[in-house]
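Asks: Spelled out from the first residue to the last, the chains are:
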Amino acid sequence: METDSKVKKHLISRKIDRFFIKIYKTSSFTVRYFKESFTSPHEVGEFVQQCYNIGYKSLSLITLTGFITGYVFTKQSRPSLAEFGATSWIPSLVGIAMIRALAPLVTALICAGKVGSSIGAEIGSMKVTEQIDAMEVSAVNPYKYLVVTRVTASTLMVPILMMYTGLVGLMGSFLNVATSEQTSLSTFFHNAFERITMLDITSSLIRSLAYGFTIGIVGCYKGYHTTQGTQGVGKAANAAVVASMFLIFIEEVIIVQIVNWFR
Amino acid sequence: MAEQNSNSTQRPVVIEVKNLYKSFNDNHVLKGVDLELRKGENLVVLGRSGTGKSVLIKILSGLLKEDSGTAIVLGKSVSSLSELELRELRQKIGFSFQNSALYDSMTVKQNLEFPLIRNVRHLSRKEINLRIEDVLDAVGLLQSLKQMPAELSGGQRKRIGIARTLILQPEIMLYDEPTAGLDPITCIEINNLINEVKERFHTSSIVITHDLTCAKTTGDRVSMLLDGHFVRTGTFEEVFSSNDERIKSFYDYNFIN
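From first to last, the protein sequence lines are chains A and B.
Numbers 1 to 263, taken from the numbering used here, label the letters of the first sequence in order.
Numbers 1001 to 1257, taken from the numbering used here, label the letters of the second sequence in order.
Hints are computed from structural coordinates only; laboratory data are not their basis.
Please note that the accuracy of each hint is not assured.
[Unchecked claim] Output of the computed footprint for chain A on chain B, the stretches with three or more beta carbons under 8 Å from beta carbons of chain A:
| hint | stretch |
| --- | --- |
| 1 | 1080 to 1091 |
| 2 | 1107 to 1121 |
[Said to hold, decoys possible] Derived pair list, reagent style DSS-like, types lysine-lysine, alpha-carbon separation capped at 30 Å:
| hint | chain 1 | residue 1 | chain 2 | residue 2 |
| --- | --- | --- | --- | --- |
| 3 | B | 1065 | A | 15 |
| 4 | B | 1146 | A | 57 |
| 5 | B | 1198 | B | 1065 |
| 6 | B | 1058 | B | 1092 |
| 7 | B | 1065 | A | 25 |
[Unchecked claim] Pair ranges (Cβ atoms, derived):
| hint | chain 1 | residue 1 | chain 2 | residue 2 | range |
| --- | --- | --- | --- | --- | --- |
| 8 | B | 1251 | A | 229 | 29 to 35 Å |
| 9 | A | 32 | B | 1195 | 38 to 44 Å |
| 10 | A | 262 | B | 1125 | 49 to 55 Å |
| 11 | A | 32 | B | 1124 | 30 to 36 Å |
| 12 | A | 30 | B | 1085 | 22 to 28 Å |
| 13 | A | 242 | B | 1126 | 45 to 51 Å |
| 14 | B | 1026 | A | 25 | 18 to 24 Å |
| 15 | A | 25 | B | 1075 | 29 to 35 Å |
For glycine and all other residues, C-beta sits at the position ideal for the given N, C-alpha and C.
In isolation and in its complexed conformation, chain A is listed as follows (with noise of 0.2 Å):
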């Protein structure tokens, strides 16, 4: 009779093994949305609530964070301008950092804690109370349900959040400039975009799609195989955020590197 013992032996060691699974694992859920998102049925309805969820409801908290670090940038970086006599430069070197640099990361991070957690949080405490399991026994498919909505909508979002976040810290270095100097809305925007270029722009989005789909599909994951009851149900929120972290900042030195290739 051949059991699970005799069949579980370790091909190198434990923790190797481990380690080799998970990847695995890891692998085969990440290949499964994107089989998954090609074939119907589709839960739009579902997909537009999590839009909703991951969108609209992070607003607020995009809103502040956005506007505060452009108005704390331009403050910071003001005197060091000024030394040089270089003050007026100040629109084109926010607009530079907030499109290039800080807006990806900035949205990148605080969707990484809320939608990141959130999503965790929620599938890790269905899945220990069996309303995973009871999808499935129903014929329906919770990984189309939970997984592909919630990740597609994460990565279509973020970016949207991005170019939001890029907008409302513009805002707030305006703001600034504006009580040290009389300059014009339009004519702080128009100094702001005049040298930041299409690749820019571009890379930022694509940067943007990479961290929303990280953080989607890391969220899912921590949530789909949370185990230990609840207290697996914080863990698995803690994971989810820990990780998707660690990966955006990865993803950042990576495709920062790629981009400068094609400067």
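Please arrange chain B on chain A, whose structure you already have, making use of the hints.
Replies: Just chain B now, with coordinates in the frame of chain A:
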């Protein structure tokens, strides 16, 4: 009784389990289980907690995979089915969870609609509402349509859980500890409901329980699962007329304590 038994053996087998083994690491839960469920009968699987009763029905519904042996449901070997085939089979199996597993972000109506609109696509809104009313009427909770699961009592949640499984008009019902955590009166109501479901929807059922009252009330046959094996199967009286000390002590513990 003999006539009833001969009638039941003439009915077709809807679930057949042969030499089923399942372990979790070094914990060998099922050690060569054999079981048969015939059309239209309620089979109660009795046993202490941790003996693998729930594991057995999770294997039957494809939620877990056996280590070896076969689980054949409605003529199909569950573990050899593709995802699509398994989904088709699951439309014919109702699974009532121990903790009801209602979708807590949805109302009762949405809970019932959820599997229906995803599996039976040609139904009009009127037909969906009629089907929902029919199953809610069957479980006696027509008034709970707009309530959230958090607003329901334990017994009501069990009933809605059963209604949700009935909405797809299954041929087989699998009840996982239907009376666990309920007061004695609600237990009686749930036991009666299990019998009503069998009569009204012509289902065949496996009831997993450690509650002897539930076993006696709902079971046409009872199978006693001990140490990973079925040690005795028959009517309630036949099983508990056994001289096996383990069965006797199970009976005494339930009825004396």
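Asks: Compare the structure with each hint and give your call.
Replies: How the hints compare with the structure:
| no. | hint | in the structure |
| --- | --- | --- |
| 1 | 1080 to 1091 | holds (count 4) |
| 2 | 1107 to 1121 | holds (count 4) |
| 3 | B/1065 / A/15 | holds, 25 Å |
| 4 | B/1146 / A/57 | holds, 25 Å |
| 5 | B/1198 / B/1065 | holds, 28 Å |
| 6 | B/1058 / B/1092 | holds, 15 Å |
| 7 | B/1065 / A/25 | holds, 17 Å |
| 8 | B/1251 / A/229: 29 to 35 Å | holds, 32 Å |
| 9 | A/32 / B/1195: 38 to 44 Å | holds, 42 Å |
| 10 | A/262 / B/1125: 49 to 55 Å | holds, 54 Å |
| 11 | A/32 / B/1124: 30 to 36 Å | holds, 33 Å |
| 12 | A/30 / B/1085: 22 to 28 Å | holds, 25 Å |
| 13 | A/242 / B/1126: 45 to 51 Å | holds, 50 Å |
| 14 | B/1026 / A/25: 18 to 24 Å | holds, 22 Å |
| 15 | A/25 / B/1075: 29 to 35 Å | holds, 33 Å |
Going down the numbered hints, you'll see the structure goes against none, and every one checks out.
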